[in-house]
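Student: Going line by line, the protein sequences match chains A and B.
According to my numbering, the residues represented by the first sequence are 1 to 115, in order.
According to my numbering, the residues represented by the second sequence are 1 to 113, in order.
The set of hints was computed from the structure by calculation and includes no laboratory data.
Treat the hints with care, as some may be off.
A partial selection of chain B residues facing chain A, derived with a Cβ cut-off under 10 Å [unchecked claim]: (1) Phe-47; (2) Arg-55; (3) Ala-92; (4) Phe-104; (5) Gly-107.
Quick caveat, the model's predicted, so the values are computed rather than measured.
Even for Gly, the Cβ is constructed at its ideal location relative to N, Cα and C.
Chain residues, written in single-letter form:
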Amino acid sequence: DQQVKQNSPSLSVQEGRISILNCDYTNSMFDYFLWYKKYPAEGPTFLISISSIKDKNEDGRFTVFLNKSAKHLSLHIVPSQPGDSAVYFCAASAGSPTGTYKYIFGTGTRLKVLA
Amino acid sequence: KAGVTQTPRYLIKTRGQQVTLSCSPISGHRSVSWYQQTPGQGLQFLFEYFSETQRNKGNFPGRFSGRQFSNSRSEMNVSTLELGDSALYLCASSLGDLGDEQYFGPGTRLTVT
């Protein structure tokens, strides 16, 4: 059962335009969400995060939006650059009374920014 | 600050063998998590170690095990390898609290023939 879903395996966007990557989750207990970017032959690198008490977090060209009622989050990249071409993973986590947690990752979306 | 290192980077094993992968976290990080990445499955959580104790476990069979040493370095072991175990195995380190950023290593590419 995939608790975190990225339904678009790939996305192509023209350089300078907006890239929108989507992620849906099923577990309403998730309270922390992250986006990672992964280049071939490298491990994922952290991009941006958002906690469930917010609906938007911005960091430069990257903005993450969270819609808790729809259990949906999205990553906006504006403007898109060729160097943004990579696989993007969203991840979700829930804290527990014991303080333990684990991150559940989506299957990834491959973004290609065309020059 | 040195990043997360994983050894070896590439490994080829045959079915039935066992394998041990190693991960050295960022200095000061006490949490190490292991993930399996296969095409179409994303990153699947294996387990997390914190201060030498397994703190969280994913839904993998008992053939997958791990441990963490007092210096926070971690090893992952897979026994009785199956063809389906071919994957990229990633480890990530963090300070260990919810919301702490995880820093990933480059991964170990395991091929089982």
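Student: Quick check on the hint: Phe-104 of chain B CB to chain A CB, less than 10 Å?
Tutor: This interface hint holds because 3 Å falls under the 10 Å limit.
Student: Tell me if the interface restraint on Phe-47 of chain B is satisfied: Cβ within less than 10 Å of some Cβ in chain A.
Tutor: 9 Å, holds
Student: Hey, does the Ala-92 of chain B contact hint survive, CB to chain A under 10 Å?
Tutor: 7 Å, holds
Student: Taking the closest Cβ pair, is Gly-107 of chain B under 10 Å from chain A?
Tutor: With a minimum Cβ separation of about 6 Å from chain A (threshold 10 Å), the hint on Gly-107 of chain B holds.
Student: Taking 10 Å as the limit, does the beta-carbon of Arg-55 of chain B come near enough to a beta-carbon in chain A?
Tutor: 5 Å, holds
Checked against the numbered hints given earlier, this structure breaks none of them.
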